[in-house]
Amino acid sequence: MQVTRRQFFKVCAAGIGTSSIAALGFSTDALADVREFKLTRSTETRNTCPYCSVSCGLVMYSMGDKAKNAESSIFHIEGDPDHPVNRGTLCPKGAALVDFIHSPDRLRHPEYRAPGSREWKRISWDEAFEKVARLMKDDRDKNFMAKNGEGATVNRWLTTGFLAASASSNESGYITHKVVRSTGILVFDNQARV
Amino acid sequence: MALQSLDITRRSATTTPSPSQRKTQEVVKLIDVSKCIGCKACQAACMEWNDTRDKIGTNHGVLDNPMDLTANSWTVMRYSEVETGRGLEWLIRKDGCMHCADPGCLKACPAPGAIVQYSNGIVDFQEENCIGCGYCITGCPFNIPRLSGKDGKVYKCTLCSDRVAVGLEPACAKTCPTGAIVFGTKDDMIHHAEGRVADLKSRGFAEAGIYDPLGVGGTHVMYVLQHADKPGIYHGLPKDPSVSAMVTLWKGAVKPIASFALAAGVFGAFFHYVTKGPNEVSEEIEKEFKDEK
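Protein sequence lines, in the order shown, are assigned to chains A and B.
Taking this note's numbering, the leading residue of the first sequence gets 1, the next gets one more, and so forth.
Taking this note's numbering, the leading residue of the second sequence gets 1, the next gets one more, and so forth.
Just so you know, these hints were derived from the structure itself, not from any lab.
Note that this is a predicted model, so its numbers are computed, not measured.
Please note that the accuracy of each hint is not assured.
Stretch by stretch, here's where chain B covers chain A in the computed footprint (C-beta under 8 Å, at least three residues) [stated by the list, open to error]:
no.	region
1	12-18
2	36-46
3	67-79
4	88-95
Ideal Cβ positions, reconstructed from N, Cα and C, are used throughout, including at glycine.
Chain A with its partners taken away, still in its complex shape (with noise of 0.2 Å):
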């Protein structure tokens, strides 16, 4: 393109012309809003962290009010501010507890690797608790013990270990110790500290 000494002095007055224009300032109206809070109408509901034995006090924060077409999913979690053991506060794990609830590696289903197998299948819930209840049933029969060398009765099951969930109320409590010590194990935490 040819451009002659008149129109290179004409854009270039139009620019400045322009730009010192809008530097007087004729610009739009400049408005602020903070970001939408995010969880107005949201479905609260209270829980407790499941990674260690301290058992922080959750809000879990969902999508939907729970109406018969809204699917539910978590998308923000903080400490309940009333719940006495944390009052609101949370570690760093617990406060980035959405991401585990959502993580691709997250454990969905049982799965059973054989005894010598590299690979790991995927199970039914019917198929793994009678895997687990054979296995345990089989063990006892074969190591219970009913009374001690001296004669007195023990009613022992000590090959077998039971690890129960952090986030276990009292009455929870109550009831695995029942179960547990009503096959004799003797080796359990009902609290596990993970």
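Got chain A sorted already, so can you dock chain B onto it with the hints?
What follows is chain B alone, placed relative to chain A:
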């Protein structure tokens, strides 16, 4: 204006005054460095609330992770191992925006309304208006804002303005397990900090004090430091921060003069055109020009 903290006292690159009749409570986040155990719950809670996620980094042999603030990490823990009169001390400072009363970023910003200050003291970036020039980064005496490579806009801590606007505390302050971060009105936080300083002094930290630098008009994020006489040992916390003289000059005194000069130039050109008319080139010169070619 539905929410109280939306009362704006200052807007970047705007000459018309902001509505300034209403005055809301000034809020402060107080970070007690002596109570911090460096667990990074604040970092996790910040990302969780603000829906930002940094990519997984690499281990640099220290606890700092990530190594610096990013457009996704608006707060990071700075770990310093320092020899003091008390022996080796591990000082852990939560770094992030200080929400200055006299913000250098806002002064330096040329985009109208990209940086605003609410009457409660929070300095907030409005990314919709941000043009990504990075002047705020140069203007900040604490080196806090970070330019995103993804959208070319600058991000920093908002002091959870969306939470504060509805009467909640910032996410980091809520989650802090040791209570090293507390949140409240400026008066209450100064009172709280004074109590902490007295406690630290009774434990032998003679130079304990509050960090609320006057060079930037005071801040809405304050620190309780064990060694307030040497803020530099806390990963280079500036002792006497102030807005750069260049920013003050260019965005202060020079700006109206320059605007006037531009307007005068345009007016002068127009006046010249009206009185003298266009510059006519005589046929002789035109001919000479053609011959030269």
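Now for the hints, and whether the structure bears them out:
1. Using a Cβ-Cβ cut-off of 8 Å, 3 residues of the region 12-18 of chain A lie near chain B, which meets the minimum of three, so the contact claim holds.
2. Residues of the region 36-46 of chain A with a Cβ under 8 Å from some Cβ of chain B number 3, which satisfies the need for three, so the listed coverage holds.
3. Under the rule that three or more residues need a Cβ within less than 8 Å of chain B, the assignment of the region 67-79 of chain A holds, with 4 such residues.
4. Here the region 88-95 of chain A counts 8 residues with a CB under 8 Å from a CB of chain B, which clears the bar of 3, and the coverage holds.
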